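According to full-length UniProt numbering, the stretch in the sequence shown is residues 1 to 364, in order.
Because the hints were derived from the structure by calculation, they are not lab data. As the structure is a computational prediction, the values presented were derived from the model and not from experiment. Every residue, glycine too, gets a C-beta built ideally from N, C-alpha and C. Be careful, since some hints might not be right.
To be verified - Derived DEER-like restraints, expressed as beta-carbon distance ranges: (1) Ile33 with Leu83: 18 to 28 Å; (2) Tyr96 with Ser139: 15 to 25 Å; (3) Asp78 with Asn188: 44 to 54 Å; (4) Pro69 with Ser358: 53 to 63 Å; (5) Phe344 with Asp78: 31 to 41 Å; (6) Leu354 with Ile107: 35 to 45 Å; (7) Ile169 with Ile107: 19 to 29 Å; (8) Pro330 with Ser128: 39 to 49 Å; (9) Ser359 with Leu34: 41 to 51 Å; (10) Asp126 with Arg92: 41 to 51 Å; (11) Val300 with Leu83: 17 to 27 Å; (12) Arg92 with Arg121: 24 to 34 Å; (13) Ala56 with Lys81: 15 to 25 Å; (14) Thr325 with Ile214: 16 to 26 Å.
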Amino acid sequence: MIIDITKVQAINSFSRLESLKEVYGTIWLLFPILILVLGITIGVLVIVWLERQISAGIQQRIGPEYAGPLGILQALADGTKLLFKENLLPSRGDTYLFSIGPSIAVISILLSYSVIPFGSRLVLADLSIGVFLWIAISSIAPIGLLMSGYGSNNKYSFLGGLRAAAQSISYEIPLTLCVLAISLRVSNSLSTVDIVEAQSKYGFLGWNLWRQPIGFIVFIISSLAECERLPFDLPEAEEELVAGYQTEYSGIKFGLFYVASYLNLLISSLFVTVLYLGGWNLSIPHIVISGFFEINKIDVVFGTTISIFITLAKTFLFLFIPIATRWTLPRLRMDQLLNLGWKFLLPISLGNLLLTTSSQLLSL
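Required output: the full structure, derived from the provided sequences and hints.
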């Protein structure tokens with residue numbers, strides 16, 4: 001049997017080429033995810049720095065100023081310090097649940113960023129149920145907090161985890177009803193891209209903020225409670241339950257809870273921008289500066305850069321509300337928190353959905 005060496009070499013080179021194509025395809029698939037994770041990390045560091053500077057201004061004191069220019073590296077220094085601190089485990093607790101709880105809280109929130117559109121073409125996954133995917137995934141985070149509290153073998157930690165779950169359930173329902181009202185009345189879609197494009201015609205006059213003012217207020221309050229921000233931070237309030245489910249944690253696992261908190265705050269602000277503030281669209285009517293939109297359509301790089309800038313500008317401007325609220329309003333009691341969710345926000349969001357549905361039926 002005679003073997004043609006030339007054919008064998010051709011087959012080997014072809015197989016190597018196919019394997020290289022698979023490797024390049026995998027890298028190209030992971031590249032947008034890595035870029036998004038890097039951007040999220042930088043965004044969280046910026047939020048921590050902004051909160052410290054704004055809080056210092058509100059309290060008339062000096063904020064971080066030594067770690068880097070204007071203290072911009074202070075959050076990075078704190079994270080590095082937590083990374084090298086000793087990781088303690090409770091002797092009689094469930095080590096597996098204790099270790100996996102913070103990871104579930106962070107990963108469940110990170111997955112929500114996949115449906116955020118930073119531009120008309122800048123979205124990791126344009127799903128037809130994008131907004132409800134965020135609500136469903138964010139509902140997994142309290143399970144991680146419950147696992148952390150139970151695995152700590154500490155009654156205060158377990159009570160803090162139970163409070164976090166009760167708070168999340170109480171405010172998840174009004175938040176979902178507000179999203180459903182937007183879907184029914186405005187865009188007839190749950191895709192985040194479709195919701196933004198439905199607001200793009202009249203600039204800021206086409207924002208859902210003006211069409212759904214009641215839903216906007218309920219959404220803000222519910223998102224603050226979901227992020228466990230003041231005045232709704234009872235699950236980890238020091239004077240309530242000795243820092244709640246975080247009591248037994250140290251080192252990087254302790255830091256993961258704070259990362260999850262700021263990740264949740266950033267994703268909530270991004271969804272407020274997408275759902276109510278027009279997303280990536282410039283908030284000026286087309287009639288006023290029609291030539292700018294023609295340039296925006298022609299130059300893809302310029303249009304993409306402007307879209308990212310507008311989305312982030314609206315997001316970080318909105319972030320001033322939860323940061324200022326932290327030093328403005330007193331903390332609620334647990335019974336007041338649950339009463340606000342079930343007795344006030346839930347009926348208001350149901351009434352808003354009923355009005356939206358009625359107006360939709362009358363317009364048909």
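Violations among the numbered hints, reported as their numbers in ascending order
11, 12
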